[in-house]
Structure formats: structure tokens, C-alpha cells
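Colleague: Model the placement of chains X and A on the given structure of chain H, informed by the hints.
Chain order of the listed sequences is H, X and A.
With the numbering used here, the residue at position 137 of the first sequence is 137, and numbering never jumps.
With the numbering used here, the residue at position 110 of the second sequence is 110, and numbering never jumps.
With the numbering used here, the residue at position 33 of the third sequence is 33, and numbering never jumps.
Think of the hints as simulated: they come from the structure by calculation, not from any bench.
The beta carbon of each residue, even a glycine, is placed where N, CA and C say it ideally should be.
Among these hints, one or two may not hold up.
Calculated from the model, a selection of chain X residues having no Cβ within reach of chain H, i.e. all distances over 10 angstroms [stated by the list, open to error]: (1) 280; (2) 324; (3) 453; (4) 469.
In silico PhoX-like cross-links for lysine-lysine, where the CA-CA straight-line distance does not exceed 25 angstroms [as the list claims (entries may be wrong)]: (5) 88/H / 160/X; (6) 38/A / 27/A; (7) 89/A / 128/H; (8) 37/X / 112/A; (9) 111/A / 37/X.
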Amino acid sequence: MLHLILFSVFAVIAVAGALNLLVQRHPISSALSLIVVMGSLAVEYLLLGAEFVAAIQVIIYAGAIMVLFVFVIMLLNAGVEERTKGSKVALILGFPAMLVGGLLVAWVLLRAPNVGSVNVGAMYGPPKAIGWLLFHDFLLPFEVTSVLVLIAIMGAVVLASPVRSRFSRPQPEPERQALKAAAGTEPAHEETVTARRSS
Amino acid sequence: MIATADYIRILPEIVLTLFGLIVMFVDPLLPESRNVKPLGIIALIGSLGAVAASIYQMRYPGPAFWNFVVVDNFSIFFHLLVTIAAALVIMASFEYLRVQEIRAGEYFGLILFGTVGMALMSSAVELVLIFIALEISSISTYILAGFRRRDAGSVESSLKYFLLGSFATAFFLYGIALMFGATGSTDIPQIASALRLNGAPLLAYVAYALMFVGLGFKIASAPFHVWTPDVYEGAPSPVVAFMSTAPKMAVFAVLLRILFVTESPSLLAGSRPVWFWWVWGSAAVSMTLGNLGALVQNNVKRMLAYSAIAHAGYLLVAFAAAPEAGISAAMFYAASYTAMNLGAFIVVSHFANAGERYVTLDDYTGLGRRSPLLAMTLTIFLISLIGIPATAGFFAKFYVFSAALKANLVWLTIIAVVNSAIGAYYYLRVIVAMYMRDSTQEIPVMRVPAGVTATLLCSVAAVIYLGILPGRVLEFATRSAQSLLR
Amino acid sequence: MPQNYVPIFLFMGVAFAIPAVTLVLFKLVRPENPHKTKLMPYECGITPLDDARGRYTVRFYIVAILFVVFDVETIFLLPWAVRFRWLGKFGLLEMGIFLGILIVGYIWIWKKGALEWV
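Looking at chain H on its own, in the form it has when it is part of the complex (with noise of 0.2 angstroms):
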């Protein structure tokens, strides 16, 4: 009883965490909303017995990953982002269609037939279990795994990497730094921070 309380409670949060996600206009905000929904994720993994997965989500997800949404945010100075005719057609069309397409799938789930409800807690599966699927049964897509791996690291590398020329010199130091001081200076920056300084 005590397990299907917290479950419920956890399910709300996440979903209000979600929404609030959508809702919020600036990145950072959202960012932070987006921590709650893994944070109560992870909860509801734990609950339903998923130990490892619940402390991946933790240390992965809500810790590794969550720094990278922020350094993203960070490194495009994002601001608040402005509304636009497109989003509100997404908001007047979209929502209802989620929302139908969403219960949907709740209406077959809940009638399928083979589909009983687990027992919270019932199922088991902490770091003995997941070593014995993945080194065993599972152990093709482990090591393909690592593959992936691999074209993440140079896919960042690549695309990230500051874009040189071959026949190019580099620029000489003076140059960059007018060039650095020139892009300092853009006065849509400046009317932002005087008008918030104002307010």
C-alpha cells in the first residue's frame, strides 16, 4: 500500500515536472524541471524494483546528462524564448492529439490481454541480475554498444571542433582579439541588459 502511495505521488510529480517543462519560457527553468522528472523517474524504477536502472537514471541522467543541458543552455545563450504563431497552432492541435493518441494507447494497454498489473515491488532486478543478462545473453549488443560509443565520441569531436582551413593560416593574435572584442559588442546584447537593469 505504502509502495503504490508513493508510486502515485512520484507519477504526479513527474508529469507535473514534464508539463511544467513545456511551460516554463526560460531554458534554465526548464532545465531544472527536467531534473524533477528524471529525479522522480528514478523513484518510480526504484519502486517497481529496477534498482541499477533506478541508479543509472541518477547518476547518468539526472547527473551526467542534465550538466550538458545546462552547458548547452550556457553556451548558446539562450534567452527567453519568444512564442510564436507556429507554437500555438502546435498548442491548439497538438495537445488534443496527444492527449487522445496518449489515452489511446492506455485504453489497449488496459484491455490487452496478456497485460496483468505487476505487483509494485515485485520485480528484481539489481546489479547481480543485470550482469548476468548483459555478460550473458545480452552480450552481442554490449559489445556493439561500444561501438555506438565510439561515433558519439566523434560525432561530438567532429561537429564541436572549431572549423579550420587547411590552406588557411591561422589569424594572428591582434586580429583575434579585435575580432573578440567586435563580437562583444552587439547592441542587441546591450539594450537587454540595460532593460533589465532598468527593471
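Modeller: Just chains X and A now, kept in the frame of chain H:
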């Protein structure tokens, strides 16, 4: 313990990974200005080694790694297709990388690793492994699409492809999860037997639909095709030659395996599978939208992108057709499409020159006079894409349409034939521009480098071989179809 | 199983309660008379020159994503370590292949200079 035969059954993947690692190892040791050739040769040896390994596998059919992969005629067919496509693209990229100043180590490495995923997709019979392989092949193509870093279009193409692609992958994953819920397994033969025992529950329908959304995106079939023109336009042309053939054919292999093996009992009994109408609709819409879209394009890359959508539609017609004839027709279509589309994009990539400047139809005017051989090669690929006899495209379409008629799909066949007629118009427009219109501008004539020549020769040979003597390949495809359905 | 986690839940509850209670309590207790100067980022009176949210260099991104990638790799070590004895030499070989492939990637990054802060 694992037997040696198990390792032989994934030998092409092992060879590709090893050579990919060698490329990564050698890459930093060479000066960046002179590394294209050595790295390219390593990659070429790797992909040819994988071709040889796939042929060698023929003597070792059977399952491996606790039934996660199966080597049969079907997997070998697609292994050969994918690895040969990779080898051809690697061969054709040498000059392009030098002209566009693209980092060679990463380029060849990603092609080799991506091919690992594609090869694995055709032999994997377990949905989790298929998912990981699909991710490998997709992620490497997302990155490859953005390789022209200086060009905003290329970056846009990469980002668009990545965002929409990962969205589609999520659908596929959700489909896997629901299929696991419906049948209690992620192993395709076990799913098949579970569905046979209990009949297909409603949940299985939803699972099929979601998986079809995910995979339909990857093969650029309507209504999941909107990304195709933008991505193909912006991505580097040799990469487009690669990603419009190899990963796509690997996804077709996955689709064939999932859709036909899980439904084989009802298919053999002659009844229509649960996914029949989706495939029917998607095929009809893809053909129509693809061909109509291509009519108004002036950019040749965009036009070929729309034509790729249309061809995905023709291929899906074979899915809806009678199972055995349908699978073999689809496989034959996959082989001939790979040959002709790869060749066409390689010609486009060579002609486009540095910075991909010359890609519009107006640039192609007078090409027949300036470089007659190049124009003739492109003409062969285009008439094959139309489906004129004596080329691969003719028999590909012929087998697909006759398989559809065998299953009494009269309406679908009519739509397909009408679409082929529409398609002829825009392919012919390019040919007319090349031979009958005079050029209005000065376009430098580039010497065709040896690698591109070799690739084009191989593609032309394949197109003509399949167009004149389709028998052997079709027979192999039929045998694979039988082994798949059993 | 989750019974074993009750202490952790209690711990989490306490951890969440402390900041919540202190914030509410101090809000009630403290005197409140805000002033424009006091709310500025530097209370010592220096006028801020620029926005705190500047654009960061893309180098941070490479470091962050490499961290994520190798974090994922490390996660796989855990189920292997707890089963190490039982998996034996074969397990060691499996992990060796997995790590070997990734170490080539690591060497590649290193040699390529992606870790250097130019």
C-alpha cells in the same frame, strides 16, 4: 562458451570494426593535408574485407550469440549490398574530401562504423540488437550529413536529420516496448510464435504501427518523408549517395524481417497481415507525393531526394504484394536501386565541384557536349530510375508490379504505373537539359578522378548486368525469401 | 526489495525539509525592506558592467559530452564488477574488448588534440 562459428557469423562486422579502429589509430599520425589517400585505402580494404567475409559466411548459416543474429541467404544478400555500397562510396570520396577540405579520418571511420550497424541490422533477429544497430547506422549518418562545416546548409541538414530522426527512433523503441508487452519477448521468431498461439492482440497492432512510424521515417516513406529534400540538399553528395542507399536498404531488411517473419503463419495461410493497409497507404502516398514533388524541382539533389521518396513507395508496393514473390521483388529492387541511385549521386557529387556550386538543372545544360562520358553515365542511371528495359530499374519495377498483380492489388499497381509515367518526365528533363539545351554559363570541366571512375564503372556494370541478366540475383532473392518465411 | 530503501526515502525527506523549513521560517522572522541597490548582484556598490549570462566557448561542450560518454562506459563496469568472480576469464575478455574499443577512441581524442584548451 561461444563457438568459433559464432564469430564467423559476425565476421563482416568484426572486420569493419577492426578497420575502423585502424583508421582511428592511424589518423592522428598523418599530417592532415596528406591523409586522405592512406586512410581511404585502409577503409577501402576494410569494406572489401567485409564483402569477402560476407561471402565466406555463406558456408556457415545458422544462429549465433544466443539467437541474437542469424546468418541466412537473406542476411548475406543485404550484407553484400551494404558493404559494397560502402566500398563504392569510399572509393568515390577521395577527391571530394580533398576538394571540400573534409577531415578524412572521421569521415572514413564513421562510414565503416555506420556500416557495422547496417550490416548487423540485416542479420539481427532480436529487437534490442536491431535498435542498437539502427542507432549506430543513424547516428553515423546524422554526423556525416554535417561534414561540410563551413556550409550552413550542411549543418542545417545534419541538425534537422538528427532531431527528426531521434524522434522517429523513439517511436520505434516504444513499438518494441509494446511488442514486448504484447508477446513477452523481443526475439522475432518468439514473437511470431506468441502471435500464432494467441492471435494478434490490439496491443500488437499499436506496436506494429509505432515500429512502422520509426522505420518509415528512416526509409523516407510518406507521410514521414518531409525531412528528405532538405537533408539531401544540404548533406555532402557522396554522403547522400551513401545514406540514400545503404542505411535505407538495411532498414528495409529490418522491415522485411519484422513484418514478414512475425506474420509468417497468417501470410502463408493466404490471409492479409495486420499491417497490410498501412503499408498499402504509405506506398501509394509515397509514390504520389514523391513524384509530384520532384516535378517542380530545379535543384538536381532535391529532385533525386523526391525520387528517393517515390522509390521507397515502389519498394513498399512489394511489401503489400504476395509474400514470397513480394520479398524477392523487394530484394531485387533494393539491389538495383542501390546501384542506380548511388551512381547518380556520385555523378552529381563530382559535377557539383568545390563547395557544391553546380547543382541546378541550368548548370547541367550542355553537359553532353562538355563531358560526354559523364553525361552518358548519368543518362544510364536516370533511364534506369525511369525503368526503361535493358536497365536494372526495368526488371525491378517489373517484378514488383507483377508480384502486386499476383496478389490482386490492381489499384495499387495502377497507381504505381501512373506514377512511373509521371516520374519519367522529370528524369527526362535532366537528360534533355544535358543534350539538347546550350549552356548559358562557363562551367569548368573537371577531370574525372580514378576513384570516381571506378565507382561509376562498377555502378553502370551493376545496372546493366541486373537489366540484362536478372536471373541469378532474382533466384538468390527467391531462395532468401523462402528461408525467411519458413 | 524497496523496503531496504525506506531509510533513503527518510533521508531524502529530511534533506528536502531542511531548506523548505528554513526558507519559510526566515521569511516569517526577518525584517523586509528591499532597496534597489541592495538587490544588485554586487552588494558592495559596484555597478555591473555586463550580463552574467555570457556566451561560453564550445570547448565546454566537447568536455561535457566526453564526460557523458565515458560516464556511460563506467556504468557498464558496475554489473560486471559485482559478477566478476562468476563471469571469470570470459567476462574479463568481454570487458577487455569493450574497453579496448573505447580506449582507441580515447587515444584518438587525445592525439587529435580535442582535449587541449586552445
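Colleague: Next step is simple, just say for each hint if it's right about the structure.
Modeller: Evaluation of the provided hints:
With a least beta-carbon separation of about 22 angstroms from chain H, residue 280/X lies farther than 10 angstroms from that chain, consistent with its non-interface assignment. Non-interface call for residue 324/X relative to chain H: holds, since the shortest CB-CB distance, roughly 30 angstroms, exceeds 10 angstroms. With a least CB separation of 25 angstroms from chain H, residue 453/X remains clear of the 10 angstroms interface cut-off, as annotated. Consistency note on residue 469/X: stated as away from chain H, and its beta-carbon is indeed over 10 angstroms from all of that chain's, at 37 angstroms minimum.
Taking the CA atoms of residue 88/H and residue 160/X, the gap is near 21 angstroms; set against the 25 angstroms cutoff, the hint holds. Taken as a hint, the residue 38/A and residue 27/A pair is honoured in the structure, with Cα atoms around 17 angstroms apart against an allowance of 25 angstroms. Among the hinted pairs, residue 89/A with residue 128/H is consistent with the structure: their alpha-carbon atoms are about 17 angstroms apart, no more than 25 angstroms. Proposed proximity of residue 37/X and residue 112/A is supported: the alpha carbons are some 19 angstroms apart, at most 25 angstroms.
Taking the CA atoms of residue 111/A and residue 37/X, the gap is near 20 angstroms; set against the 25 angstroms cutoff, the hint holds.
Every hint, counting from the list given before, is met by this structure.
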